[in-house]
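Asks: Residue numbers (full-length UniProt numbering), protein chains in the order written: chain U, 1 to 317; chain D, 1 to 482.
Hints in this document: simulated from the structure, not taken from any laboratory.
Here the structure is a predicted model, which means the values were calculated and not measured.
Every residue gets a Cβ at the ideal spot worked out from N, C-alpha and C, and that includes glycine.
There could be a bad hint or two in this list.
Unchecked claim - A few chain U residues facing chain D, derived, Cβ under 7 Å:
1) Gly21
2) Leu58
3) His61
4) Phe155
5) Gln173
6) Ser238
As the list claims (entries may be wrong) - Quick list of simulated restraints, FRET-style, between CB atoms:
7) Pro416(D) <-> Gly165(U): 55 to 63 Å
8) Gly237(U) <-> Thr415(D): 25 to 33 Å
9) Ala374(D) <-> Gly54(U): 29 to 37 Å
10) Gly54(U) <-> Gly420(D): 17 to 25 Å
11) Thr274(U) <-> Pro416(D): 36 to 44 Å
12) Arg428(D) <-> Ser265(U): 45 to 53 Å
13) Lys323(D) <-> Thr49(U): 50 to 58 Å
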Amino acid sequence: MLSLRIPQDDTNRLTVLSASGSSSIHIYSTRGQITYAEGADNEHQYPLTQTLEGVHPLGCHQICTSLDGRLAASAGFNGELRIWKRSEYGHWSSAGEVVPEEQKAGEHWALAPSENEQYLACTINDGRTNIYDTRTIFAGGAAPKFAQFETQDSFGMSGDISADGSMTASGRQNGSIYIFNNSTARLAHSLAGLIKPVRSVKFNPTCKLLAAAGDARIIALYDTQSGEQIANLVGHGSWVMSLDWNWNGEYLPSGGYGGEAKIWSLARRACMATQTESEKCLWSVRWLPRAASAKYETFVTAGAGGTLAIYRGMGET
Amino acid sequence: MDDDFEDLLGGRDGIGQDSSQESLTTAAAGLDFCERGEELLDDGQTPPQSTFDYGGPVGLVVETDLSVAEMGPSGKGKRRNPRSINTTPGSAIDRAGQEITSDCSDTTPSTKPPDSPLGQIEAVFEQIADDMIGHTRQIGISLDVRPRVPPTRSSTVADAITLDRKTRRLGFPGETAEEAWRFTVILRILELMHEALRTGVTISKRDMYYRDPALFGSQTHVDRYVDDIAYTFNVPRSALNVTAAAKGLVVGAFSLCRRDGSVLNAAADREAILIPSLKDVLSVDLSAVKWIVVVEKEASFRSIAASTFWDRLSTEGVLITGKGYPDIATRALLRYLCTPSPRNNFASPPSYALMDYDPDGLAIMSVYRYGSAALAHESAALCVPQLKWLGLRSEHMHLGEEGGTHASQGLLKLTPRDRGKARKMLEREVSGDGGGHGESGEGEMQRALQTMLMLNVKAELQLLDAVPGRLTELLERELCGS
Numbered sequence: 001m002l003s004l005r006i007p008q009d010d011t012n013r014l015t016v017l018s019a020s021g022s023s024s025i026h027i028y029s030t031r032g033q034i035t036y037a038e039g040a041d042n043e044h045q046y047p048l049t050q051t052l053e054g055v056h057p058l059g060c061h062q063i064c065t066s067l068d069g070r071l072a073a074s075a076g077f078n079g080e081l082r083i084w085k086r087s088e089y090g091h092w093s094s095a096g097e098v099v100p101e102e103q104k105a106g107e108h109w110a111l112a113p114s115e116n117e118q119y120l121a122c123t124i125n126d127g128r129t130n131i132y133d134t135r136t137i138f139a140g141g142a143a144p145k146f147a148q149f150e151t152q153d154s155f156g157m158s159g160d161i162s163a164d165g166s167m168t169a170s171g172r173q174n175g176s177i178y179i180f181n182n183s184t185a186r187l188a189h190s191l192a193g194l195i196k197p198v199r200s201v202k203f204n205p206t207c208k209l210l211a212a213a214g215d216a217r218i219i220a221l222y223d224t225q226s227g228e229q230i231a232n233l234v235g236h237g238s239w240v241m242s243l244d245w246n247w248n249g250e251y252l253p254s255g256g257y258g259g260e261a262k263i264w265s266l267a268r269r270a271c272m273a274t275q276t277e278s279e280k281c282l283w284s285v286r287w288l289p290r291a292a293s294a295k296y297e298t299f300v301t302a303g304a305g306g307t308l309a310i311y312r313g314m315g316e317t
Numbered sequence: 001m002d003d004d005f006e007d008l009l010g011g012r013d014g015i016g017q018d019s020s021q022e023s024l025t026t027a028a029a030g031l032d033f034c035e036r037g038e039e040l041l042d043d044g045q046t047p048p049q050s051t052f053d054y055g056g057p058v059g060l061v062v063e064t065d066l067s068v069a070e071m072g073p074s075g076k077g078k079r080r081n082p083r084s085i086n087t088t089p090g091s092a093i094d095r096a097g098q099e100i101t102s103d104c105s106d107t108t109p110s111t112k113p114p115d116s117p118l119g120q121i122e123a124v125f126e127q128i129a130d131d132m133i134g135h136t137r138q139i140g141i142s143l144d145v146r147p148r149v150p151p152t153r154s155s156t157v158a159d160a161i162t163l164d165r166k167t168r169r170l171g172f173p174g175e176t177a178e179e180a181w182r183f184t185v186i187l188r189i190l191e192l193m194h195e196a197l198r199t200g201v202t203i204s205k206r207d208m209y210y211r212d213p214a215l216f217g218s219q220t221h222v223d224r225y226v227d228d229i230a231y232t233f234n235v236p237r238s239a240l241n242v243t244a245a246a247k248g249l250v251v252g253a254f255s256l257c258r259r260d261g262s263v264l265n266a267a268a269d270r271e272a273i274l275i276p277s278l279k280d281v282l283s284v285d286l287s288a289v290k291w292i293v294v295v296e297k298e299a300s301f302r303s304i305a306a307s308t309f310w311d312r313l314s315t316e317g318v319l320i321t322g323k324g325y326p327d328i329a330t331r332a333l334l335r336y337l338c339t340p341s342p343r344n345n346f347a348s349p350p351s352y353a354l355m356d357y358d359p360d361g362l363a364i365m366s367v368y369r370y371g372s373a374a375l376a377h378e379s380a381a382l383c384v385p386q387l388k389w390l391g392l393r394s395e396h397m398h399l400g401e402e403g404g405t406h407a408s409q410g411l412l413k414l415t416p417r418d419r420g421k422a423r424k425m426l427e428r429e430v431s432g433d434g435g436g437h438g439e440s441g442e443g444e445m446q447r448a449l450q451t452m453l454m455l456n457v458k459a460e461l462q463l464l465d466a467v468p469g470r471l472t473e474l475l476e477r478e479l480c481g482s
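All chains, full assembly: derive it from the sequences and hints.
Replies: This is how it looks when you write it as structure tokens:
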């Protein structure tokens, strides 16, 4: 399992989209009432509702969704990018594809859509970041780029668009992090602090903070207005592969290369809990959007073990 | 001198089907003829054509494939000066003429079965001579083009060979100067092979190239055509008495028993021995061997052989290196050691691969396991599918953290060429192995490539050396613990 996304739809029926090294994308459903069954194998709770078969011949490494849950984008190992739309009945279907025009165009790598599903930011492995307008992506294969940011250096391993759509962040293999301002299409900040590859960047729900982490094993928190580093969360024993924020920005789940999943508290700037299921790398960690009626929060991890593990979160809110 | 030629000039008795020497002589002399564009020669050395007698070429079994499939060589962008074309074949034939005159003294008539490589080569020459007698418009050689199939995992490799045997006919003088040159190259190689087979001496490809570097141009041409000829005749390259120079190294607790009675002990020289050719080997004694480790690079091989680990455990294992992409001799030896057969007393020691963590490392391991794309038709005899992947694996990447600065310098990022190569390998994995057996084997390679692309790092085996004792620990844990 290489990548996860959890969109929330308006009827509070959550779905989990997972992409893996196989060529298909699996979609699971989590029912509204998140019960607190004791066992970790709540498979009957999360039935497989749809499989998009063979959509990426060489495997799919990234998948992302817009916040309102109607649009998803997936990137495959062959460099292609595919767009999916969800109908009212919850069924996903293909809405377009972007194939790299020529060999040198590079592979699409990290994806992040904006909240209103209109824009999709995507890093290319040679250092560029492309922003596509999703309305213009058709089944044809080429999409005009709405904007393109060029920083001709290092592989953009991770990317995110802030929830309000104002900023795009991109984390690079050489450790640099760039924040672009979408309205002016200019570089807003170039953040220092992590010298090693940055594998995950995430804006917090209020868009005031950016969390970035990678092979340096620390999670760095930056203020997005000033570009200053305000905190470091230390404690991971191995490379941090994935980050997320919970719905109100209080907690950060993170997944590490050595298989450990940690929850950090922003207020205390410390790790609250660690779960290690196995030694296998955790590629992706996502916090499930909280249903109003649920007592507990949950988050999902996807790893090299090939399974999705769903954890119950804090009792306190 | 004249006596020898009287054999040629004489009637049917002198020249028989069974005298390969004579037929080659006449064929060569016949070529000499055509080259100079004259019907008859007056120097008295070569007889007029009419007295040529092959003992009934019609009665001989002609092995060559006469299908005139595709003409037209693919352009290689190498145009040779036409003048040089005219002279070099002539010189080759001249030399052939000289060689034959000197060799005429030791004609050893013997019966060769028509489908042995020697018989096949002679059949080709005879066909050419036939064409010339028959005054056909041009003479030619048919060559089968090796299919570039990726090594298949399925047990029936024969399928890959029988499907789509594309034949290409190279004519002389042909339509372009390049075709004429190719014809000449192939003819020269056939002649050298014939000599090697007749005298029983093994010739290396390098040696072949140096016989006539002006004609061949570069080593790669010799390599390519030797393999194509072996494929056309449907024999392994070793049956044509052509080898590559020894490249791989081996050291360990086994000994080879040769046909002449001598015993080669691989543990004798601590510096490791060059991998010997298996032609003369009768059997191998593997009683003390508990494991075999295949190392990608010579540098890593040397450092393991010099380590304390090897001091302690050299009596129970074998270390082999192919110095990168392995040659046939290395692969053959590995298969010989690992596959149970009467020759090795039915031993099957487990074999492990120690490669760098990069697409080339995985490709090399794939060559050992399943064979190479270029020599796919020989893969069945050279593959070792049971080779296990010891390292480096993605789990070892965290070692970059522990070693401090030295270790972190060992992790590099993938270059665009690496990524492209990994993608191509992934495509071959996905498309080629739809129905193969051994799920774990293929899935492992696919997952490893995808992980490598995700992490975008690569590491050399020297990463393990940065932390002292780490390599030893890894080897001990895997080899002795299990």
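Asks: Next, verify each hint and record whether it holds.
Replies: Going down the list of hints, with the structure as the test:
1. Gly21: Given a least distance of 5 Å, the restraint on Gly21(U) holds.
2. Leu58: 5 Å, holds
3. His61: His61(U) check passes; min Cβ-Cβ to chain D is 6 Å, inside 7 Å.
4. Phe155: 6 Å, holds
5. Gln173: Since the shortest Cβ distance to chain D is 6 Å, the answer is holds.
6. Ser238: OK, holds: Ser238(U) within 7 Å of chain D, min 5 Å.
7. Pro416(D) <-> Gly165(U): 55 to 63 Å: For Pro416(D) and Gly165(U) the Cβ distance comes to about 32 Å; the hint is violated.
8. Gly237(U) <-> Thr415(D): 25 to 33 Å: 29 Å, holds
9. Ala374(D) <-> Gly54(U): 29 to 37 Å: 31 Å, holds
10. Gly54(U) <-> Gly420(D): 17 to 25 Å: 23 Å, holds
11. Thr274(U) <-> Pro416(D): 36 to 44 Å: Distance hint for Thr274(U), Pro416(D) holds at roughly 37 Å.
12. Arg428(D) <-> Ser265(U): 45 to 53 Å: 48 Å, holds
13. Lys323(D) <-> Thr49(U): 50 to 58 Å: 53 Å, holds
The structure does not agree with numbered hint 7 stated previously, though it agrees with all others.
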